[in-house]
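Engineer: What follows is the residue order along each chain.
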Amino acid sequence: MDLRSRQFASLYRHEISNGQLRSNLSKATLQAVDKRAQSFQEVDFPFLQKEARNIKREAISNLNELLSRFEDNARRNGCKIFYAQTPEKANAYILGVAQKFGARTAVKSKSMVTEEIGVVPFLAKYGIEAVETDLGEYIVQLAGESPSHITTPAIHKSRTEISRLFHEKIGTELNDDPAFLTAEARRVLREKFLSADLGISGANFLIAETGDVVIVENEGNARLSTSAVKVHVVVTGIEKVISNFSDLRIFMRLLGRSSTGQKLTSYVSLLRGPKGEDETDGPEEVHIVLLDNGRSNLLGTEHQEVLHCIRCGACLNVCPVYRSIGGHAYGSVYPGPIGSLVTPLYFGNENAPDLPFASSLCGNCTEVCPVGIEIHHQLLAMRHEIKSKSGTSVERFIFKNYRKTMLRPGRYRLMSKVVRALARTSLLRLLMRGWYPYRETPQFPPRSFREMYKSGEIK
Amino acid sequence: MMEDDREKIFASIRKGLRQSERYSAERSSKSPLLDKPGPDFLSLFEKFRSELKTLGGEAVSVQDEAEAFELINTRSHANEALFIYEEIKSKYALLTSSLSERKSVKFQPEFSHGYDRHEAAKFKGVVTGCYACVAETGTVILRTAMRLPAALATQLFVVARGADLRPSLDQIFTEDTARFGGSNLFLVTGPSRTADIEKQLVTGVHGPKDVFVIFMKS
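Protein chains in written order, with our numbering: chain A, 180 to 638; chain B, 373 to 590.
Hint data in this document are derived by calculation from the structure and do not stem from the laboratory. Take these hints with a grain of salt, some might be off.
Unchecked claim - Derived EDC-like pairs (lysine to aspartate or glutamate); straight-line CA-CA distance at most 20 Å: (1) Lys380(B) with Glu529(A); (2) Lys571(B) with Glu529(A); (3) Lys496(B) with Asp460(A).
What the hints assert, rightly or not - Which residues of chain A face chain B? A few of them, derived with a C-beta cut under 8 Å, are: (4) Val299; (5) Pro300; (6) Thr361; (7) Asn400; (8) His482; (9) Gln483; (10) His487.
Think of the CB as a built atom: it goes at the ideal place given N, C-alpha and C, for glycine as much as any other residue.
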């Protein structure tokens, strides 16, 4: 994966100045927020959120047992299991499978873990074309970009931009009707489905009790990527395992609603291994690659609950920061509030030191999280960790004094006067010049509320 | 094949879990649904029909197999190839016999030997049975020994019986899951869809654009 989160400051400055991007994002995310709210009207969201949180908490705190049970059952179903600590190891294994089947083309359905390991560019180096088959992913692949949203990868692109892209890359006529563009993508991808040997997918859930792989989608591309091929490789994180189908029913009520405002997505595939003796189609082999890549390091830490995430993307849609800068600014395949946690936790604080600060800490993300991750508290804790190790002496001086000021009323009153006096000069604007290009600060009144109340000016 | 990292990963998991307490969640038996349909067929069917209609699909209740055939015959494209799943042949003799008189019809057993993907893609419509239907979401659950035709076709006709209809996903996922058999299950909820371009809904992406569910009364 091409991780560019260290360049967050320059990336977000570039993105925030793009008016078209902000308009596309604002329109799409506000619509998603409305649809989500409507879809939850028929169910008890607090109840589901609590149940889901408890189920995930239990699953993660028993991860070794559930993984073992899943592994046993999946092997019994005929699947081959491979554990990979690193993306390099996962990619090498997938390449081995592809070469065993002589695959030249792979059809890939949408999956965050495959983005995390960068399997598409990796296979390309060995002459294997891996084609993204989800429409949004296909669009960003044609554009040579990375997805900018967890569930809506091309959210940053307008129909006009997509029409131009299709015209240049696959020779379609210039027509920006989404139905036309979708039909053109279907036409091109249908041939890929009918000729590819290898199918690559992620997994939304793994069922320990039965060894099933659960894949949730809307377009039907995952169904084809896992059915029409000789070999299917599932690549997923070790944290995706849950106990049984009874637990799955809770997540089925949450995932579609949280991600796209649907009661249930168009397709949920419960896959139980390769083609059986009584079956006439389906893959001859199914390989399940279980990736760690830093996940197990979170166990036993205060960030363990980040492993509960089901990648619905709801926190992105409600985040004022994401809405302004979009997904590419984060420089990671995991953008938005959850990405600001996952990226430094998986790839190291030193590789994404600014991301936990890309939040207003408004708490919208925590409110909508279907599994109740306290995202904004987690972000705050990450800030403490990062700054306690790497804060500059100026920052340490400021925050030390800020703390003292907030704890002492006399000092607070004195500092309020100083700030109000400064605000009437251009000095404050000069000191905070990084703040002003994108924001306005209200005028400070000449006297504080307390002073006005004391003098009887306010009753 | 290369050696994997199983032992290293499990060691890391065990090390982490030693520092956190083991948690056991109590499961509530409460349904999360605020509005539940009545248990009778008509209430369930109305709920199913309305959910599927919202998604752009269609559910109808018919008296008998003759009526089911009329519906399939009228809604499918007369000159385009139709694929009939084995379940139809084993459960609905009259419907099977009527369908076999149509042009360009293939039945699962005769077609399934040595077929290739391009052949399967030629079917514009498929007729199949189902494992169950879910009123809560307008979902049909397919359990099939042949995956591709139903995934590639433009039109999907599902023939079901009243007894196949369950109120909610709770019944499906808390039933004895051994009944799922050793096979794969596919939950299909309305037409294939996307809103990846400016959040505008488009149906019929890679899977069926038209989904018809026919409930047989008799």
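Engineer: Under the constraints set out in the numbered hints, which ones does this structure not fulfil?
Structural biologist: 1, 2, 4, 5, 8, 10
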